[in-house]
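**Student:** Throw the hints in and build the complete structure from the sequences for me.
Line by line, the protein sequences give chains A and B.
Per the working numbering, the first sequence starts with residue 1, numbered consecutively.
Per the working numbering, the second sequence starts with residue 198, numbered consecutively.
Calculated from the structure, these hints are not laboratory results.
Do not take every clue at face value.
[Unchecked claim] FRET-style restraints, in silico, Cβ to Cβ:
| # | chain 1 | residue 1 | chain 2 | residue 2 | range |
| --- | --- | --- | --- | --- | --- |
| 1 | A | Gly14 | B | Asp273 | 14 to 22 Å |
| 2 | A | Gln17 | B | Val211 | 56 to 64 Å |
| 3 | A | Arg104 | B | Glu265 | 29 to 37 Å |
| 4 | B | Ile276 | A | Gly129 | 26 to 34 Å |
| 5 | A | Leu41 | B | Gly225 | 50 to 58 Å |
| 6 | B | Arg233 | A | Arg57 | 48 to 56 Å |
| 7 | B | Ala231 | A | Asp15 | 49 to 57 Å |
| 8 | A | Thr108 | B | Ser230 | 37 to 45 Å |
Built from N, CA and C at the ideal position, the CB exists for glycine as well.
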Amino acid sequence: MDDDAELTQRLRAGDEQAFTALVRRYHDPMLRLACSFVPSLAVAEEVVQDTWMGVLRGLSGFEGRSSFRTWLFRILVNRARTAGARERRSAAVGGSGPAVDGARFGSTGSWSAPPEHWTEAIDDRLQAGKLADRIRSAIGELPPRQREVITLRDVEGMSSSEVCLVLDISEGNQRVLLHRGRSRVRQVLETEFGRLP
Amino acid sequence: MRPLTLRLRRRELVCQQAVELVTDYLEGALSRSARRRFEAHLAACPHCTEYLAQMRATIELAGRITPEDLTPQMQDEFIALYRQWQAGGGDQDQ
Numbered sequence: 001m002d003d004d005a006e007l008t009q010r011l012r013a014g015d016e017q018a019f020t021a022l023v024r025r026y027h028d029p030m031l032r033l034a035c036s037f038v039p040s041l042a043v044a045e046e047v048v049q050d051t052w053m054g055v056l057r058g059l060s061g062f063e064g065r066s067s068f069r070t071w072l073f074r075i076l077v078n079r080a081r082t083a084g085a086r087e088r089r090s091a092a093v094g095g096s097g098p099a100v101d102g103a104r105f106g107s108t109g110s111w112s113a114p115p116e117h118w119t120e121a122i123d124d125r126l127q128a129g130k131l132a133d134r135i136r137s138a139i140g141e142l143p144p145r146q147r148e149v150i151t152l153r154d155v156e157g158m159s160s161s162e163v164c165l166v167l168d169i170s171e172g173n174q175r176v177l178l179h180r181g182r183s184r185v186r187q188v189l190e191t192e193f194g195r196l197p
Numbered sequence: 198m199r200p201l202t203l204r205l206r207r208r209e210l211v212c213q214q215a216v217e218l219v220t221d222y223l224e225g226a227l228s229r230s231a232r233r234r235f236e237a238h239l240a241a242c243p244h245c246t247e248y249l250a251q252m253r254a255t256i257e258l259a260g261r262i263t264p265e266d267l268t269p270q271m272q273d274e275f276i277a278l279y280r281q282w283q284a285g286g287g288d289q290d291q
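**Tutor:** Here it is, written out as C-alpha cells:
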C-alpha cells in the first residue's frame, strides 16, 4: 500500500508520528489476530508490542520485497506462535460441519427450509451498523484458524496469496478455512436478521 | 456409451452440494465445467441464488468492520515504546 510505503520511509527517517500512524492503522487487526494464537488478551497485547519492537529493530533490513503489511503480519504470526501454546498448523481445520445444516435439505438434496431473506435490509444504514457489530462478534466466535483467515481476507482485505504467505498455509487450506468461516458467519446473520419484519 | 443428456443429468448439482461450492466459485477455483454446472444450478434455483447473494453480503459486511481506535493510554504506551527504542540508539536486529 502506498500509504504504508510513505509511512515506513518516514519511520526510517526517525518520524515518531509515522510510527503512531502505523500503530493506529494496524493495532486492532493485529490484536484480533494475536488473540487467536494465545490464551489471553494480556498475552496478545504483549505479542503486539513485541511485534512493533521487532518492526523498529528490523526496519533497516526490510527491503520492501513484500508489502509492509505482509511483513508486519508475518512477524506478528511468528511471535504469536512462539508465545502461544498452540502447535504449528497441521491438517486439522476445526469446526468441520457442512456450510448449511443438513436438516434444511430434503432427501433429494434440495432446500426444504430455504434461506431467510435479509440482504435487502442492509441498505438501511442503521441496520448495517448493527450487522457489522454482530458480524464482528460472529467472527470472534469462530474456531481460531477460520477466524485468522477471515480476519485477514475479509476484514483486512488481503488477497488469498497474501494470507497464505502470512499464515504459511496452502491455497487449498485457505479456501477451506474461508468457506467454513464465511458459511458460519452467514448463518449467524440469517438467524439474527432473517426474521426481521 | 451412455447418451450425453443422461450423463449431464446425472451430474446436475443439488442445493446441498451447491452451497459447498460457493467459496470455490467466488475464489475462481472451480474448473470450467464445474463452474458451468454451478451457474446452471443457480439459474434454476432462486434459493441458492439468494444464498450466494448472502455470502457476498457477508463478505461485504466483514469488510466494513473498521478498526477500533487506540485508547489515549495505549497511544501513550506506544509512544513510550518508540522513545525507548530511540533512546537505545535505535538498536537493530543482526
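**Student:** Work down the list of hints and note, for each, if the structure agrees.
**Tutor:** Now for the hints, and whether the structure bears them out:
Our hint of 14 to 22 Å for glycine 14 (chain A) and aspartate 273 (chain B) holds, since their Cβ atoms are close to 19 Å apart. Between glutamine 17 (chain A) and valine 211 (chain B), the C-beta spacing of about 58 Å keeps the proposed range 56 to 64 Å intact. Range check, arginine 104 (chain A) to glutamate 265 (chain B): about 35 Å between beta-carbon atoms, so the 29 to 37 Å window is met. Judged by the Cβ atoms, the range 26 to 34 Å given for isoleucine 276 (chain B) and glycine 129 (chain A) holds: they are separated by roughly 31 Å.
Checking the proposed 50 to 58 Å range against leucine 41 (chain A) and glycine 225 (chain B) shows it is violated: the Cβ atoms sit about 37 Å from each other. Judged by the Cβ atoms, the range 48 to 56 Å given for arginine 233 (chain B) and arginine 57 (chain A) holds: they are separated by roughly 53 Å. Evaluation of the 49 to 57 Å hint for alanine 231 (chain B) and aspartate 15 (chain A) yields a pass: the beta carbon distance comes to about 51 Å. One distance hint, 37 to 45 Å for the beta-carbon pair threonine 108 (chain A) and serine 230 (chain B), is violated here, with the actual separation near 22 Å.
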